[in-house]
Amino acid sequence: MSWSVRIMWRRAVAQRTIIATVLAVAILGSTLLGTFALLLTSSEQRALTVTLTRSPPSATELETGLTIGLNEPDAAIATAHAALAEVTGDLATTSSQWVASPPYELPRDGGASAPLGYLAAVPDVEALATLRSGTWPVAATDAAGRVQVTVPSAAAEHFAWSVGSEVPLESTATQVAARAVVVGVYDVTGDRTRWARDLLDGMGVDPSFPVPGTFGFILTSAYGPFVATPEALLGGGVEVASATIVTQPQIADSSPAALASLRARLDTAGREIAAAVGPQVTSSTFRSRLAGTIDSAQGQLAVTRVSVVVVGLMLAVLAITVLLLAARLLAERRATEQSLMASRGATGRQVLALAGLEALLVAALTTAVAPVLARLLYRLTTAQGVFRRAGLDVDPHLPGALWLTCAAASLVFAAVLLGPLLRRSTSVVDAEQQQVRQDRRGAVTRSGLDLALVALAAVAYWQLRQYRSPVLAGGGIDAVLVAGPALFLLAGAAVTLRLLPLVAAGAERLAARSRRLVLPLAAWEVGRRPGRASGAVLLLTLAVAVGVFSQSFLATWRSSQIDQADVQVGTDLRVDQLATAPFAQSSAITALQGATALSPVAARSVDLGAAPAPGMLPSVSTRADMVALDTRPGVDLVRGSAPTGPNWAAMLTTVAPTDVSVGAELPGTPTALRLTMTATAEPAAPTTRLLGSVVVQDARGLRVTFRLPAVEVDGAAHTVTVPLTTTDAPLVGPLRVVGLGSQLIEQLDPTGATAGQLPDHVDLGVTVSDLRSVQDGVETPAPFDPAAWRAQSLPDRWDPAVEVGVTSDDALALTTRGTMSSLDISTGTAGFTMTTLGPVTVVPVIASDALLDELGLEIGDRILVDVGISVTAEITASAPYLPSMPRGPGFLVDRDLLTRTLVAAGGTDPMLDEWWVAADADAAPTLASTARTELHATATSRYELGESLTDGPLPIGVQAALWTVAAASLLLAVAGFAMSATISVRLRRLEFARLEALGASRPGLVRAVLAEHTLLGALGVSAGVVLGALLGRLVVPLLTVAADGARPVPAVVVHWPWAAEGALLTLMVTLICVAVTSTTVALLRPTTSSLLRLGDDR
Amino acid sequence: MSTARHLADPQAALLEVTAPPIVVVDHVGKTYGTGPAAVHAVQDVSFTIQPGELIALVGRSGSGKTTLLNMIGGLDRPDAGTVTVDGREVSTLTEKGLVALRRDVVSFVFQTFGLVPVLSATENVGIPLRLRALPTDVREARVALLLELVGLTAHARQRPGEMSGGQQQRVAIARALANSPRLLIADEPTGQLDTETGLAIMALLRAVVQAEGMTALISTHDPLMIQLADRVVRLADGKLVED
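Protein chains in written order, with our numbering: chain A, 1 to 1098; chain B, 1 to 243.
FYI, nobody ran anything at the bench for these hints, they're computed from the structure. Predicted, not measured: the structure shown is a model, and the values here were computed from it. Ideal Cβ positions, reconstructed from N, Cα and C, are used throughout, including at glycine. There could be a bad hint or two in this list.
Claimed, not checked - Chain A is faced by these chain B residues, among others (derived, beta-carbon under 10 angstroms):
1. VAL99
2. PHE110
3. GLY126
4. ARG130
5. LEU131
6. THR136
7. ARG234
8. ALA236
9. LEU240
10. VAL241
Given the sequences, and given the hints that come with them, work out the whole structure.
Below you can see the structure in the form of structure tokens.
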């Protein structure tokens, strides 16, 4: 054993307390940094796989569509499977295949063309549909060789098929006949997105399906799919026209390399699959959202990574500061010893080598222990509820990155320990003399390093403001920008040290006037040994600043994510993708328990442009998002903070209707209505027919147009019955008839040719009378309100007259008269509308600032909105963002006013894309779940979105980092202060013993040490709070970004969680007091006499 | 009236030779460690000290002088026997009693001076007065007087590291006198000083002890110092060999 090892060992034994303290701090720092390394590696990878695993299948599956044509389907499908397997590589997969026949002609039903039907093998059909009767096919054919099919209820009802019915088929492609037998009848009830692979999107029937080979000129009804077994299609019993192969990779537990490889192959998958199957099919397609899903997840991870790295760098600053403090105290403790060694002939290199050996030993022990502790800390953290729910509660083991981080941190710490020794060595006398009067300005202040740091931090902050986010395109991180906050922190804390001499001088002045010894002792220590004091103050300033910053960041970040979710969703719950008719949707949504308000909403992208100058044609100049909803005051639907206030109520009043429209109420709970139409034409126009329509509004304000059967224009009364619903669920009454439409159309013969010559102009009179509500076969008269109705011509070229009269059976009748041209009649645009809805000439809208910028508009300007019919709108207000439209050009309009213009203009679009539902946080989850499971709808809850943006696997790392750094600031502050107290007391034990010999009591000395640390603590806490608040105010808004790294909408509002910050500081101060007191008491316990006997051998 | 007389405790002036001893050391023993490694630092030592005496405690290094001084000054407790100082049995005093003893009755002068390095001479001398919470103006006046007594008025603002050994020991003596103790204990007060300075310090001690009417127990192994003492108590291997 060499002399240096012997000396080091003996010294370590003799100074075990201080060595153990330094080692503990080094291990603590490395452990915390190692935990961050796990957050950046294992946690990220886990978050990615959990996110992909939890994504809906449609977001991660790979789909190849094959148009088989006259090719061999088996071979093509097998090739497609193989090609998809090439793309997914080593990942395990599950696959399924939809196989569909070409359209077959069904028995004619009286239409011009034969209706069509098609067969399909639908995988997992039991989950997508519900049997109404019979069974699913169990074999390709029955004993009679007929193909077993289960048909949609629409087909069964139309053709009066039941189980056992035989269905003759004739291929439209080859004219080959086949026979099928109905073994069951089903209703589509499952996930609508999966029915998107169906030819009719799962609707069961399409009344306007183009007849193959007619290029869409001839339409007929199509029914399907007739569900058959795969064998029925692939076994040759039925022709195969197309196949869709769906492959679902099993991403859970996939390695990062496998995932990266898959992502790379997805870029070329389309071309490769097309090349593989090309010779065997007519055409092929490849669709997958997986690449986008992975990219989106990785983008969000990059955003999370930035926050973790920013916080991790702050932690590194804190940890290194603690180590610097330890190193300084260690060096102070050994100053005499080293000077003595130097005076005895030891060279600087020997002294440094000895210290280096010791530092390396500390580093080695730290590297050995810290990874294990980091793993434990990580597991402890991720075992907590929110992290467990995010799926991160897995053992990360001891990855290489963890060892590397801990080793690097240990080596940095070792270098930090050696730092103080690199200063010029001095003699014993010189060393003593330097201690007599220390410069109150620390080395950092004297050298101007603090000001240099301030300048650097200012540059970094300016850059951060310019670039807005340290996330680079492609998910990288800008190293300079990400270091900005840590620089800011360090600079602020370093500048704080300039206050220390002022505080110390003040404390000394107070001490001089004191009669007692306790406070003066503390003041003298702080003022005259500023090196020791400045280290402790720097540490506490940093720790408190990091603690305050972390809590503020956490609260602000969480709040911002929730605000963003509120604006993105716009309401508590959005329900869309409902497959049923509008009134049935209204019934189903109304039946949901727990909603406090709900409204049908139109949310779609529309064409729009600036309103033309008089005499000019309008020009569509852009597309914008539109949301049309119920904006009436008191309808509390919209959520999220408005740009001008805490809610949208005030802004919505600028577009809300000011009047209430009524209509002809249908008594009871009708399932149908009945009315009589009489049409007269002068001169007679026998080649025309009258196509009527009726607009019925339910209690939700939903306005649905029902087409009436065409009637002759012959002056005779034609009574028609209109079913309002096809389901058993009662409609949401009261129902009101709010509009009537009459369209004069030219009658065509069966070949599609015109039946005769139209007169140039026709005076048309239409009378609608005898409106009745039909419920359970019982008819109840529904009187018209004579004053409520007004009429409008179609096209809007003249003012038709509306007459209200009494029919022979005392029912009110509405009569409309007007003259229309043969051109309008032949183009199908001639008619009237009558409505009770208040007239709206211009619809007020709130436009987003982006829309105004894009079209160069201002408030008060008008725009044309194309919602099937061109509607003139006036911009009455603007906002940076709108509910459900955080970014981009968009506008918000009242749905009532918009549909009024549509009804008046003969539009039939119910303007129903989704439902907005208001529900509190307790009720919303159940509502969303019910909507998904029972209505088979897509439900988007702002609560769930907010939770996924804060507690989801991808962003949860931010919380983990902030909680870890908050705990780290607490631990390091306590450890640092305990260490400061330990070494301070150990270095002054003899001094204290002599004071005891002079009559100072031990409690008095403990109080002096406490007072000294209270003084340092007060300065450190005050400066830390100010610095943390500054960091929060300036940096947090720049670090809080949206999931995609963009500027959040709405803008970030910095939060100060006073309770959490107060609790953290109180806990920190309490623990520091306990640590300092217990340390001091323990160290002062040895008897005074033994210390005095030891003399200067400290 | 001399400055020293002015500083004297009024009670001290009333002491007579026939007064009870201020220090009674009765069969005192102190052992460090146990078993074969036990060190018997002091064994069965008995003697008394009358008020006003200046006693030289003599013995070679390791003879038990410092241990005995620590026990008399209340810094350590004997394993055997009793130590009575100013009528108080030190070995039975509570921690609070010991603090009061060291603050009000006994004061120490250390071989290594024992000054607080970051404090000036004034501040060091003021420490015992702060422990008694004297008013600031009274403390400042007394400190000035004591520094004048030890001839360091001009060095009042200097810190120990800026003074010579002799000056530091003068500051230590001034500090020891600050509370007008009944008993001054000095452990090798000249051990770190050259002979001339040591003699000057001993002379100073002799003068202030007489002037203040206090009792002094000074350990030394310097024959020149011994000559200045009223009485010599000699220890060898922890045992009293001469009184």
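Cross-check of the supplied hints:
The interface hint given for VAL99/B holds, since its Cβ lies 5 angstroms from the closest Cβ of chain A, which is under the 10 angstroms cut-off. Proximity of PHE110/B to chain A holds as hinted, the smallest CB-CB distance being about 7 angstroms (cut-off 10 angstroms). Interface hint at GLY126/B: satisfied, since its Cβ lies 9 angstroms from the closest Cβ of chain A, which is below the 10 angstroms cut-off. Using the Cβ-Cβ criterion of 10 angstroms, the hint placing ARG130/B at the interface with chain A is satisfied: the shortest such distance is roughly 4 angstroms.
The beta carbon of LEU131/B is positioned within 10 angstroms of a beta carbon in chain A (closest approach about 5 angstroms), and the interface hint is therefore held. Hint on THR136/B holds. Least Cβ distance to chain A is approximately 6 angstroms, under the 10 angstroms limit. Residue-level restraint check for ARG234/B is violated (minimum Cβ-Cβ distance to chain A is 20 angstroms; threshold 10 angstroms). Taken as an interface hint, ALA236/B does not check out: its beta carbon lies about 19 angstroms from the nearest beta carbon of chain A, beyond 10 angstroms.
Because the beta carbon of LEU240/B sits about 20 angstroms from the nearest beta carbon in chain A, more than 10 angstroms, this interface hint is broken. Taken as an interface hint, VAL241/B does not check out: its beta carbon lies about 22 angstroms from the nearest beta carbon of chain A, beyond 10 angstroms.
Of the numbered hints listed earlier, those contradicted by the structure are 7, 8, 9, 10.
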